[in-house]
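There are 2 protein chains.
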Amino acid sequence: MYLQKADLPEIDDDTVSSSDRVVDAIIRGIWSARYVPGQKLIEAGLTDAVGVSRGPVREALKRLAAEGVITLTRHRGAYIRAYGRLDADEMLEVLEVLTCLMARLAAEAANRDQNAKLMRDAYEILDGQGNRHGEDALFIGQRHHFYDTLLAIAGNIQLARLLPTTQIQLLRLQIMPYLTAQDRQAQLDEYAAITKAVLAGEPKTAESAMRRHMRRSRERFARAPDEAFAALV
Amino acid sequence: MYLQKADLPEIDDDTVSSSDRVVDAIIRGIWSARYVPGQKLIEAGLTDAVGVSRGPVREALKRLAAEGVITLTRHRGAYIRAYGRLDADEMLEVLEVLTCLMARLAAEAANRDQNAKLMRDAYEILDGQGNRHGEDALFIGQRHHFYDTLLAIAGNIQLARLLPTTQIQLLRLQIMPYLTAQDRQAQLDEYAAITKAVLAGEPKTAESAMRRHMRRSRERFARAPDEAFAALV
DNA sequence: TCCCATTGATTGTTAGACAATAATGTCCTA
DNA sequence: TAGGACATTATTGTCTAACAATCAATGGGA
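In order, the protein sequence lines correspond to chains A and B. Converting from the first sequence to our numbering requires adding 95 to each position, the first position being numbered 1. Converting from the second sequence to our numbering requires adding 95 to each position, the first position being numbered 1.
Treat the hints as calculated values from the structure; they're not laboratory data. Some hints here could point you the wrong way.
It does not matter which identical chain is meant; a pair holds if it fits inside one copy or across any two.
[Unchecked claim] For lysine to aspartate or glutamate, the following DMTMM-like pairs were computed, each having C-alpha atoms within a straight-line distance of at most 20 Å:
{"#": "1", "residue 1": "K299", "residue 2": "D182"}
{"#": "2", "residue 1": "K299", "residue 2": "E191"}
{"#": "3", "residue 1": "K291", "residue 2": "D231"}
{"#": "4", "residue 1": "K299", "residue 2": "D115"}
{"#": "5", "residue 1": "K135", "residue 2": "E188"}
{"#": "6", "residue 1": "K135", "residue 2": "E322"}
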């Protein structure tokens with residue numbers, strides 16, 4: 096059984112700064128669905144939870160805000176980022192080109208080293224879990240692993256830096272409750288197509304499979320009800 | 096005469112936090128070429144320069160590190176980011192897909208409102224300045240305005256958030272001194288092609304003009320000598 | 001010349017304090 | 001009872017001062 100990001104870390108207390116530990120705690124909270132979009136983060140609560148003083152906490156919040164994971168408003172505090180309809184659609188438009196690049200690069204490198212095996216493993220875990228309903232948190236963790244594997248195979252470090260994986264996670268979380276069983280099955284089929292093309296070492300096919308996946312995702316977002324999105328924005 | 100980013104701000108002291116002012120000071124330092132890639136930033140120096148305490152300075156550094164503008168190493172401090180050869184190439188590979196999206200969206204929206212005029216103005220300023228040698232800082236400021244205009248016309252806020260314009264600036268700065276007169280002229284021609292396609296409202300053409308520009312840029316980077324890049328990385 | 005210890009500079013973190021602002025609750029009035 | 005003005009509280013933004021941990025540089029000593 097694959098370990099969820101939420102369970103993993105156990106970071107070296109010595110080689111990691113206090114603010115890193117705060118960042119980690121928040122990210123882990125998101126992955127474990129303990130934090131949901133729109134939720135407020137209070138400095139005092141974080142100092143207690145992580146056991147550090149306000150300095151590192153505030154540094155961590157600034158960093159997460161820069162990464163787009165939380166929104167900071169002066170004198171009003173930090174909130175887990177919640178996307179409006181337009182935000183989400185624009186985000187997916189940008190993510191499309193980035194993930195297509197990822198798929199293309201991954202397909203180009205799929206035959207090197209252990210890459211094929213990594214890819215197969217990541218997909219099988221995702222597929223095995225995807226059919227069971229209810230375990231949203233687990234499914235999301237495994238999808239993340241699938242993406243991480245693609246990124247690792249693609250081998251472009253700067254792409255890994257720029258691709259906002261946690262923001263993707265937050266986006267997905269927002270419409271997760273409104274997906275039908277068909278939607279879920281369609282997603283799995285799309286992942287299967289991407290996997291197949293990457294394993295076949297066909298960059299063009301992988302790219303268009305990914306593009307189709309992202310386009311379909313946009314349609315699924317468009318069909319989601321208003322409750323799924325933040326007001327105003 | 097177009098105002099450079101370096102000269103602009105004059106931010107409201109009341110509506111902006113102290114750490115924002117620090118961020119601004121550093122960004123402005125980069126745009127005005129007072130800071131160069133690899134240069135060290137010392138907390139004490141920033142507290143003096145901006146007139147705030149260490150707290151906001153450290154928050155600003157964390158934020159800039161998250162944006163990829165500086166590199167932070169534990170106990171070793173903050174440095175203006177310097178790209179190695181591989182870093183730069185990978186970065187350009189990612190930037191290619193993002194800027195191509197930008198060009199495509201801009202071309203789709205070029206006929207709305209004042210967009211055509213904005214685009215023409217931005218290009219003319221760039222073209223008028225580009226031929227004079229020597230004024231690197233000025234040229235770079237105007238290229239930035241060109242990109243900003245494209246982004247504004249494209250109208251995708253999330254793309255504007257994700258496109259790392261200051262990082263692009265730092266990249267360009269590194270090879271600027273090693274470009275030949277032909278290189279510069281070629282760049283200007285490429286910008287002209289992009290502008291023309293955007294103004295014509297031809298998304299496909301704009302995208303491929305941008306792609307050609309980024310590919311050529313990668314070649315120019317590849318030809319730059321080792322001194323242009325950070326060692327090791 | 002090379003290695004190593006001491007010194008100085010810089011960073012990482014804490015604690016406590018206070019002003020500024022936003023959120024909340026209370027009371028009074030219409 | 002609803003609404004608005006006010007006071008109260010919670011939270012954020014910032015500063016100062018302090019200290020440990022670590023790195024960089026200096027200067028011997030072998």
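Consistency of the hints with the structure:
| no. | hint | result |
| --- | --- | --- |
| 1 | K299 <-> D182 | neither (28 Å within a copy, 25 Å between copies) |
| 2 | K299 <-> E191 | both (14 Å within a copy, 17 Å between copies) |
| 3 | K291 <-> D231 | neither (24 Å within a copy, 48 Å between copies) |
| 4 | K299 <-> D115 | neither (38 Å within a copy, 43 Å between copies) |
| 5 | K135 <-> E188 | neither (28 Å within a copy, 37 Å between copies) |
| 6 | K135 <-> E322 | within (18 Å within a copy, 48 Å between copies) |
Checked against the numbered hints above, the structure violates hints 1, 3, 4, 5; every other hint is satisfied.
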